[in-house]
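First to last, the protein sequences are chains B and R.
Heads up, the first sequence is in full-length UniProt numbering, so the first residue is 1 and it goes up one at a time.
Heads up, the second sequence is in full-length UniProt numbering, so the first residue is 1 and it goes up one at a time.
Hint data in this document are derived by calculation from the structure and do not stem from the laboratory.
Some hints could be false.
A pair holds if it fits inside one copy or across any two, identical chains being indistinguishable in the list.
Result set (SDA-like, lysine to any residue): computed pairs, CA atoms no more than 25 Å apart in a straight line [as the list claims (entries may be wrong)]:
(1) K121 - L6
(2) K62 - S76
(3) K121 - P96
(4) K62 - K107
(5) K62 - Q12
(6) K107 - L122
(7) K54 - V7
(8) K54 - P4
(9) K107 - P96
(10) K54 - R25
(11) K107 - D91
(12) K26 - N77
(13) K62 - P4
(14) K54 - P74
(15) K107 - V64
(16) K66 - A110
(17) K107 - V124
(18) K121 - S3
Protein chains: 2
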Amino acid sequence: MASPELVELATQFVTHYYTQFDADRKTLVGLYRDASVMTFQEQPSAGAAAIGQKLEQLPFQKVVHKFTPPDVQPTSNGGVLIAVLGQLVVDDGETPLNFSQIFILAKDQAGSWYVQNDIFKLVVF
Amino acid sequence: MASPELVELATQFVTHYYTQFDADRKTLVGLYRDASVMTFQEQPSAGAAAIGQKLEQLPFQKVVHKFTPPDVQPTSNGGVLIAVLGQLVVDDGETPLNFSQIFILAKDQAGSWYVQNDIFKLVVF
Chain B
1 MASPELVELA
11 TQFVTHYYTQ
21 FDADRKTLVG
31 LYRDASVMTF
41 QEQPSAGAAA
51 IGQKLEQLPF
61 QKVVHKFTPP
71 DVQPTSNGGV
81 LIAVLGQLVV
91 DDGETPLNFS
101 QIFILAKDQA
111 GSWYVQNDIF
121 KLVVF
Chain R
1 MASPELVELA
11 TQFVTHYYTQ
21 FDADRKTLVG
31 LYRDASVMTF
41 QEQPSAGAAA
51 IGQKLEQLPF
61 QKVVHKFTPP
71 DVQPTSNGGV
81 LIAVLGQLVV
91 DDGETPLNFS
101 QIFILAKDQA
111 GSWYVQNDIF
121 KLVVF
């Protein structure tokens, strides 16, 4: 299963991701590459540029994410599967929304971790 | 993004998985291999035998899963990432529980799809 190092990596990544998302989500584009894919509320984006644009254009000004410790597993080709459950509040709303987000991190040719796969969905029934 | 064929594969898999889970969860072991890993409510299991045992020994007699159409993405090495949000009812309880489950399907040497990664968690805050 996930080594302590992998759990530490995932925890650091998730903390960084949501801190950046809430502070200045334009900067998130740097976490993606041309091969990255994102499904945000069932809407697909492919490639860092399109993903960055999608995130930047989300229709809210302010967001605050809270998240529980992620579940972490190694993938079969050296990546890291990360599953997050959390709550977010948009534009100072009163009711937090539950969300699920899944990342697969991979290493680029320079040896830096990036987001290869990203699936975000609000938990609504 | 995910081709129609991949979405169809994922939909068939998920439908099969929960149908088998609800009918006779002992049979689910056949969907895993020695390299498979599962994190069920934060508890790790590795290998088909351990995963099958874990699923079989879950402390309920009857369960009914309902699920929404899964999000599907190709992974970087030919696998399929599947994200499911759903609700389940255990032992004829009155309150459905929200759950998130993530699968990565991979092909074994015989060309059959199996579950390489599995993360299940109830959505509770």
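Evaluation of the provided hints:
| no. | hint | verdict |
| --- | --- | --- |
| 1 | K121 - L6 | both (24 Å within a copy, 19 Å between copies) |
| 2 | K62 - S76 | neither (37 Å within a copy, 33 Å between copies) |
| 3 | K121 - P96 | both (14 Å within a copy, 19 Å between copies) |
| 4 | K62 - K107 | neither (31 Å within a copy, 42 Å between copies) |
| 5 | K62 - Q12 | within (22 Å within a copy, 39 Å between copies) |
| 6 | K107 - L122 | neither (28 Å within a copy, 30 Å between copies) |
| 7 | K54 - V7 | between (28 Å within a copy, 22 Å between copies) |
| 8 | K54 - P4 | between (33 Å within a copy, 23 Å between copies) |
| 9 | K107 - P96 | neither (33 Å within a copy, 39 Å between copies) |
| 10 | K54 - R25 | within (10 Å within a copy, 40 Å between copies) |
| 11 | K107 - D91 | neither (34 Å within a copy, 44 Å between copies) |
| 12 | K26 - N77 | neither (30 Å within a copy, 29 Å between copies) |
| 13 | K62 - P4 | neither (33 Å within a copy, 35 Å between copies) |
| 14 | K54 - P74 | between (28 Å within a copy, 20 Å between copies) |
| 15 | K107 - V64 | neither (28 Å within a copy, 39 Å between copies) |
| 16 | K66 - A110 | neither (31 Å within a copy, 43 Å between copies) |
| 17 | K107 - V124 | neither (33 Å within a copy, 32 Å between copies) |
| 18 | K121 - S3 | between (27 Å within a copy, 20 Å between copies) |
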